[in-house]
Amino acid sequence: MEMLIVLVVLAVLAVPLLLIVALVGQSRLRQRLAALEAQVARMAAPVAPATAWPVADAVAGEAAAAVEAPADAEGRPFDASFDRARPDEATQEAVVPPPLPPPLPVPPQADDFATLAAAVEQAEQQAQARAAATAAIAALHRPDPIERLLGGIKRWFTEGNVPVKIGMLVLLAGVAALLKYAGDQGWLRMPIELRYAGIAAASLAGLAFGWHQRTRKRSFALALQGGAIGVLLLTVFAAFKLSGLIPAGAALALSIALVAGMCVLAVAQDSRTLAVLGTLAGFLAPLWLSTGSGNHVALFSYYALLNAAVFAIAWYRPWRVLNLLGFGFTFGIGTLWGVLQYRPDKFASTEPFLLLFFAFYLLIPILYARRQEATRSTLIDGSLLFGTPLIAFSLQAGLLRGERMPLALCALGLAALYALLAAVLIRRARFALLGQAYALLAVGFATLAVPLALSARATASVFALEGAALVWLGLRQRRWLPQLSGAGLQLAAAFGFTLGLDAAVHDTQAVANATCMSALLLALAGFVSAWCYRRERAAMPALGYYLWGLAWWCGIGVAEILRFVDADARADVLLAWVAISGWLAAEAQRRWPAPALAATTLGGLALAVPLAAWQADAHGQPFAGHGAWAWALYAVLGVRSLLCLRDSGGVARATQFVWWLVWPIVATLLCGWLALHSGLAAGWRWMLLVAPWLAVAALSLWRWNWLAAPLGAAFAPWRTALQSTYFSLLAVAWLYSLGRPGDSAPLPWVPVLNPLELTQLALLVLGVRWTRSPELPALLRPWRTHLLAAAGFLWITSVTLHAVHYWAAVPWPGVLGDGVAQTSLTVVWSVLGVLGWVLGSRRGQRGLWLAGAVLMAVVLGKLLLVDRGNLGNVAGIASFLAYGLLCTVVGYLAPAPPRAAEPAEEAIP
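Numbering follows the numbering used here, with no gaps: position 97 of the sequence shown is 97.
Because the hints were derived from the structure by calculation, they are not lab data.
All values reported here derive from a predicted model rather than from experimental measurement.
Just so you know, even glycine gets a beta-carbon here, dropped at the ideal spot from N, CA and C.
Watch out, some of these pointers could steer you wrong.
Label-pair restraints from in silico Cβ distances [as the list claims (entries may be wrong)]:
1. LEU562 to ALA628: 16 to 26 Å
2. VAL565 to TRP704: 39 to 49 Å
3. ALA778 to PHE564: 24 to 34 Å
Construct the complete structure from the given sequences, taking the supplied hints into account.
This is the structure in structure tokens:
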């Protein structure tokens with residue numbers, strides 16, 4: 001009884017709904033009719049004056065009537081502007097001789113019509129130009145899939161027969177729920193067979209009525225046909241699954257017939273909506289009427305039938321939304337079933353369906369490209385093209401449950417299949433882009449087979465390769481969504497790789513293991529994406545992808561060395577690794593110039609400095625152990641890298657600058673090790689440590705062309721920077737050496753003629769030569785005399801203190817507190833001050849004389865503050881006597897400073 005009430009309510013509600021639909025349709029027809037009438041009236045308005053020309057008056061036989069008639073007696077509308085513009089025409093017509101018939105009058109609006117025609121033609125040209133511009137803009141800004149999807153949904157709900165579309169969807173859902181509820185509650189008293197028959201009869205009637213209305217009410221008819229076919233599919237499926245009224249074979253046959261009929265109707269009427277409605281109803285039927293029996297064979301057989309229909313439609317129509325609908329439902333439901341219910345014992349009954357579905361959606365993109373218009377032959381369906389192998393291969397990996405070799409064979413099979421398709425399609429201009437995409441997939445799966453043969457971590461590698469492929473496709477089609485999808489896939493690949501790092505403990509071979517190969521594929525995907533963006537001159541995305549790939553490249557290289565190389569040899573192998581990496585970047589820079597590649601080479605060469613220190617810490621000096629061959633490889637590849645970077649501008653010069661800093665550092669580490677193990681004294685060790693820097697500094701002064709190779713003259717702007725670096729380091733080392741004792745054993749100590757002070761003197765000589773060279777920085781040129789004077793003063797003081805230390809046997813740490821040392825400094829400084837006084841006076845150099853005076857003043861202060869405490873011994877007395885005598889000599893030789901140069905007096909005229 002309750003069910004009958006529900007049916008009555010539905011019938012009552014259907015009547016006003018149908019009335020509303022009819023009224024809306026009638027209102028729209030009236031509006032369209034009114035619009036058409038207004039348009040016809042506007043088109044007829046300008047033509048009316050032209051049709052009122054007086055043909056009868058033109059053939060009148062009376063000349064007098066023509067003379068007496070007014071200007072507008074011919075029936076034409078009066079135009080004052082026309083008469084004023086041509087005042088003589090009426091007079092000329094008025095004096096026509098009576099015997100002659102009047103000539104055929106020319107319409108006064110002839111010029112106006114010519115102007116109007118020109119205006120119309122100009123308006124048409126402007127409209128065509130606007131249409132062409134709009135088409136060009138639309139071609140440049142093609143909507144992305146999400147925009148098209150949202151636009152399609154909006155159009156579906158706002159265009160066409162909207163009430164029928166919504167009503168059929170709601171009615172379809174209601175019928176499905178009604179069948180389900182009726183079967184569960186048993187409300188209908190009539191036999192179930194009659195109920196199914198009634199529903200089927202009503203659906204067939206609706207289908208027939210829709211077919212009958214296909215020409216007059218196309219939108220309504222198509223929606224009605226789609227809904228009717230969906231209800232029939234629901235009925236067949238319910239009769240088979242819920243009630244068991246028909247056997248599986250009969251249900252399959254009926255479903256095949258219905259789906260085939262749907263395909264025929266959709267193609268015959270060129271109705272994408274009908275195809276979508278029928279397909280959607282077919283895919284949703286198992287979800288609505290599921291009993292939880294878990295019969296996956298029946299489910300996948302039914303979906304295979306629906307996909308066959310989708311394939312058949314794709315053969316005739318390029319309906320992308322239908323292809324995506326079938327793809328999404330098939331692999332979405334299949335993935336959900338695999339996660340929840342798949343077991344290894346179901347492999348034999350599941351694998352054929354996976355292969356069948358893969359075959360369907362492998363061929364559908366080809367059909368889609370084949371059915372494209374000639375102007376859109378470059379477009380391909382990237383979602384199916386790359387999504388099908390991605391999802392199918394991931395599902396295959398799940399079915400195989402980590403069996404690596406079978407999965408590797410599957411990858412090789414896919415590579416061969418895609419290579420075959422690429423070879424067939426790439427030769428045809430219409431399918432060239434599709435063939436290139438298949439070739440890319442073939443290379444990707446062939447590369448993927450290598451790590452799959454060693455590891456089951458396939459998902460990360462697939463994501464990385466597919467991400468790079470999507471980036472390439474998005475750039476080819478000028479669409480941002482595939483590019484973002486490619487970036488997301490590569491991030492997902494990195495996340496998957498991180499999750500699988502626990503299995504890295506099982507790797508037993510260096511490089512040829514799953515972890516290394518997967519990381520290298522991630523790096524390769526980043527480099528390929530960077531190369532694609534570089535071709536499009538997109539600098540920032542190219543740099544980002546390059547740094548992403550470089551991080552994976554360097555990271556996996558360091559990880560493999562730390563995992564599989566002994567601790568003593570790690571620094572050597574790392575040196576070889578960075579040399580190879582820098583060289584590869586330089587070779588790439590030579591072919592595809594990019595600042596990031598040159599910077600990579602620069603970084604690779606610079607990393608040799610910390611690695612050399614690591615080598616020295618590991619085995620004493622850089623060339624021990626495996627260091628010799630590592631540095632030989634570094635030297636060869638470094639020279640080659642510099643040759644490759646010759647045209648790279650500032651980065652090439654910076655790289656060569658670093659190159660000539662690395663080798664003195666390495667040589668210093670080697671010399672330090674030699675000095676330490678040879679038993680030489682501290683002075684000799686100091687000489688060995690500074691010798692490499694003295695050598696390169698001397699080369700930079702007298703043999704610059706040796707250091708400039710291979711860049712040559714291009715490296716000249718960096719000569720000042722290189723020399724400044726050398727002499728800055730040498731200056732720091734020189735100042736440090738002044739405070740060291742510098743033993744010369746086994747030789748006796750001789751002032752100046754000892755390894756420490758000879759090295760210091762050599763540094764001073766090089767410094768003097770550098771300060772007089774044009775490469776001296778402009779900042780130091782005003783101060784070079786002062787710097788050299790200060791350096792000479794410090795060195796003489798150091799020589800004096802070292803002589804006191806060795807000859808007077810004064811301990812070096814307390815040498816400044818000794819009286820002999822203070823007396824020696826007083827005497828030496830006084831001699832220097834006297835020399836400054838005397839030479840300044842004799843040469844007329846006021847500055848030198850003042851410097852000597854300042855030094856003597858300093859010595860005087862020292863006597864009063866320091867040496868005064870030593871007046872009780874000989875050393876203190878000698879200090880005062882020496883200072884006094886020297887001042888007396890100065891008073892005799894140079895009593896006054898030289899006069900400053902005065903400006904010449906001007907001549908008095």
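So which of those numbered hints doesn't the model satisfy? Going through the list in order, the structure violates hint 3 alone and respects the others.
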